[in-house]
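Build out the structure end to end from the sequences listed, making use of the hints.
The listed protein sequences correspond, in order, to chains A and B. For what it's worth, the UniProt record's numbering labels the leading residue of the first sequence as 1, then goes sequentially. For what it's worth, the UniProt record's numbering labels the leading residue of the second sequence as 1, then goes sequentially.
Quick caveat, the hints were computed from the structure, so don't treat them as lab data. Model, not experiment: these values are computed from the prediction. Yeah, the Cβ is synthetic: ideal placement off N, Cα and C, and Gly gets one too. One should not assume that every hint holds.
Said to hold, decoys possible - Mimicking BS3-like on lysine-lysine, the simulated pairs with C-alpha atoms at most 27 Å apart in a straight line are:
#, chain 1, residue 1, chain 2, residue 2
1, A, 318, A, 200
2, B, 257, A, 258
3, A, 136, B, 41
4, B, 9, B, 38
5, A, 148, A, 136
6, B, 148, B, 136
7, B, 200, B, 318
8, A, 182, A, 200
9, A, 258, B, 258
10, A, 318, A, 258
11, B, 136, A, 41
12, B, 257, A, 257
13, A, 9, A, 41
14, A, 257, B, 258
15, B, 200, B, 182
16, A, 258, A, 200
17, B, 318, B, 258
Unchecked claim - Simulated restraints, written as ranges between beta carbons of each label pair:
#, chain 1, residue 1, chain 2, residue 2, range
18, A, 33, B, 25, 37 to 47 Å
19, A, 218, B, 169, 19 to 29 Å
20, B, 127, A, 89, 14 to 24 Å
Claimed, not checked - So these bits of chain B aren't anywhere near chain A, every CB distance computed over 10 Å:
#, residue
21, 42
22, 162
23, 257
Number of protein chains: 2
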Amino acid sequence: MASIRDVAKRAHVGATTVSRYLNDNGYVSDETRIKIEKAIKELNYTPNELARHLFRKRTGIVAVLVPDVSHPFFGEFVKHVESKLYENGYKTMICSTTKEKNSEIEYIDMLNRHIVDGIISGVHTLEVGAYLNVDKPIVALDRYFNEKIPVVGADHYHGGEMAANCLINCGCRNVLQFQGAKSVNSPSHERHIAFERIMKMNGATVCTVELEWNRFEEDYFQQVVQEIFRTNPEIDGVFGADLLAIAYMKEVIRHGKKVPQDVKIIAYDGTYVTDIVSPTITAIVQPIEELAAESVRLLMNRIADISNLEQRVVLDVKLVEGESTCVQK
Amino acid sequence: MASIRDVAKRAHVGATTVSRYLNDNGYVSDETRIKIEKAIKELNYTPNELARHLFRKRTGIVAVLVPDVSHPFFGEFVKHVESKLYENGYKTMICSTTKEKNSEIEYIDMLNRHIVDGIISGVHTLEVGAYLNVDKPIVALDRYFNEKIPVVGADHYHGGEMAANCLINCGCRNVLQFQGAKSVNSPSHERHIAFERIMKMNGATVCTVELEWNRFEEDYFQQVVQEIFRTNPEIDGVFGADLLAIAYMKEVIRHGKKVPQDVKIIAYDGTYVTDIVSPTITAIVQPIEELAAESVRLLMNRIADISNLEQRVVLDVKLVEGESTCVQK
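Given below as C-alpha cells:
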C-alpha cells in the first residue's frame with residue numbers, strides 16, 4: 001500500500017507538504033495541489049484515517065446513548081440524530097443502556113480517551129455522578145445532569161396542560177396518568193404536574209401511577225395495565241406514553257368496553273404506533289426530528305468551542321387528534 | 001496530560017517497555033509491570049486509544065447498516081447486534097441507508113481505511129457492485145452480495161409455507177400477499193414462492209403486490225392498502241410484513257368489516273407491533289435476537305481469520321397465533 005512518502009516522492013514535493021494538503025492546514029500552491037492529486041490517483045493512495053484523526057485530535061464519531069433503540073420514540077430520535085450528524089460529517093455510535101448498567105460510564109471514558117468527539121445522552125441513568133465534573137461536549141435529551149451539560153427537550157408542561165384540557169373537554173372526571181420513575185431528574189415530569197393541576201382545577205380526580213425505572217418491555221406494561229384496570233373500574237380517562245396508552249386501550253377493549261365511549265385515551269410522544277392501532281390514539285406529539293436537530297446543533301457548537309454554553313432548548317409540542325377522545329368543540 | 005514518556009521516566013524504564021506493557025506484546029517482568037502500574041496510577045495516565053488502535057490496526061468498531069433503524073424489525077435487530085458486539089468488546093456504529101443512497105459505499109470505504117473492523121449489512125441496496133471484490137469482514141442479513149460475504153437469515157421458505165397453510169386451514173380462497181421489491185436479491189423472497197405454491201396447490205387464488213424499493217413510511221403503506229382494498233373486494237386472506245398487515249387490517253375495520261370473520265390476516269416478522277393492535281395479529285415470527293447473535297458470531301470469525309468462510313446460516317421461524325386468523329384445528 002502506498003504511503004504518504006510514496007505520494008511525496010512521486011509528486012516531487014516534501015512529505016509535510018502532502019500532509020498539509022491532506023489535512024487542509026496551511027498553504028499549498030495550486031500547482032503543487034495538482035501534482036499531489038495526480039500522484040494520489042496514480043498510486044491509488046488511501047490516507048490512513050486513524051493517523052489523520054490522531055493528527056487532528058478528532059475521530060469524527062459521536063456516541064448516542066438511549067435506553068432502548070427499539071423503542072419507537074428512541075428509534076426515531078436515533079434515526080434523525082444519525083442523519084443530522086451525517087450532514088455534519090460525523091458518524092454515529094449507538095449504545096442502548098438498558099442492557100448494561102454501567103456502559104454509559106464507559107462512553108464518558110471514551111470521550112476522555114478520544115474515541116468519540118461528543119455524546120448525545122438520552123439515557124435514564126440514576127448515577128448522575130458519572131457526569132459530574134465532565135467538561136466535554138455532551139448534550140442531554142430531557143435530562144438534567146449538571147450545569148455544563150445543555151438540555152434539549154419538548155415543552156412538556158404545555159403538553160401536560162393540553163392533555164388535561166382535552167380530557168376535561170371530553171367530560172372525564174376520574175383520570176389516570178402513567179409517570180416514569182421520579183428518581184430520574186428529567187424535565188419530562190413537568191407534564192404530570194401540569195396535567196394534575198388542570199385536572200384538579202376542574203374538579204376531576206387524578207390517580208398517578210409511577211412506573212419502574214428503565215423498563216420498556218411490553219409484558220411489563222401489560223401487567224401494570226391489567227392490575228390498574230382491575231382495581232380502578234371508575235377510570236374514564238387515561239394519559240400515558242404511547243405504548244402504555246395502547247396497552248391500556250387494549251385492556252379496555254378486552255373487557256368489552258369501548259374507546260372513546262367508555263374510556264378516553266390520550267398518549268404522549270405521538271410516534272407512529274399511535275396511528276397503526278384502531279381506534280387511532282389522540283396524542284401530544286413531540287417534535288422528534290427537531291429534538292434531534294437541536295441536539296446535534298448544540299453538540300456541534302460545543303465541539304467547536306467548549307465554552308459555548310447555550311443551556312436549554314425547549315421545543316413546542318402539538319395535540320394531534322385521533323379517535324380515542326371525543327371531538328373537541 | 002501525562003505521556004507514555006512521563007510514565008517511563010517515573011517507572012525508571014524505557015518507553016518501549018511501557019509500550020510493550022500497554023499493548024501486551026512482548027515480555028515485561030512482573031517487577032517492571034508493578035512499577036509501570038504504579039506510575040500510571042500516580043500520573044493518572046490515560047493511554048491514547050487512537051494511537052493504540054493505530055498500532056494494532058484495529059479500531060474495535062463495527063458498522064451496522066440497515067434501511068431504517070426506526071423500523072420495528074431493524075430497530076430490534078440493531079439493539080441485539082449492539083448488545084452482542086458489546087459482549088465481544090466491540091462498539092457499534094449505525095447507519096440508516098434510506099436517507100442517502102450512497103452512504104453504504106462510504107462505509108465499505110471506511111473498512112478499507114481502517115475506521116471500522118467489520119460491517120453487518122442489512123441494507124436493500126441495488127448497487128451490489130460496491131460489494132464486489134471486497135474481501136473484508138462483512139456479513140449480510142438476508143442479502144446475497146457475493147460468494148465471499150456470508151448470509152444470515154431465517155428459513156423464509158418454511159415461513160411462507162406455514163403462512164399459506166394457516167390461511168388454507170381458515171378457509172381462505174382469495175388471498176393477497178405483499179412482497180418487497182423483487183430487484184433486491186434477497187432470500188426473503190422465498191417466502192412468497194412457498195406461499196403461492198401451497199395456495200395454488202389448494203386451489204386458492206393468489207394476488208401478489210410488489211412494493212416499491214426501500215420505502216417504509218406509513219403513508220405509503222396506507223396508500224397502497226387503500227388502493228388494493230378498493231380494487232380487490234373479494235380478498236379473504238392477507239399475508240404481509242407486520243406494518244403492512246396492520247395497515248390492511250385497519251382498512252378492513254374502517255370499512256365496517258371484521259377481522260378475522262371477513263378477512264384473515266397473517267403477518268411476517270412478528271415484532272411487538274403485531275401484539276399491540278386489537279385484534280392481535282397471527283404472525284410468522286423471525287428469531288431476531290438469534291439473527292443478531294449469528295451475524296455477530298460470523299463477523300467475529302471473519303475478523304479473526306478472513307479465510308473463515310462459513311457461508312450461510314438459516315434459522316427457523318415459528319408461527320405465533322393471534323386473533324386475526326381462525327383457530328386452527
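Query raised in the report: Which of the listed hints are broken here?
Result: none
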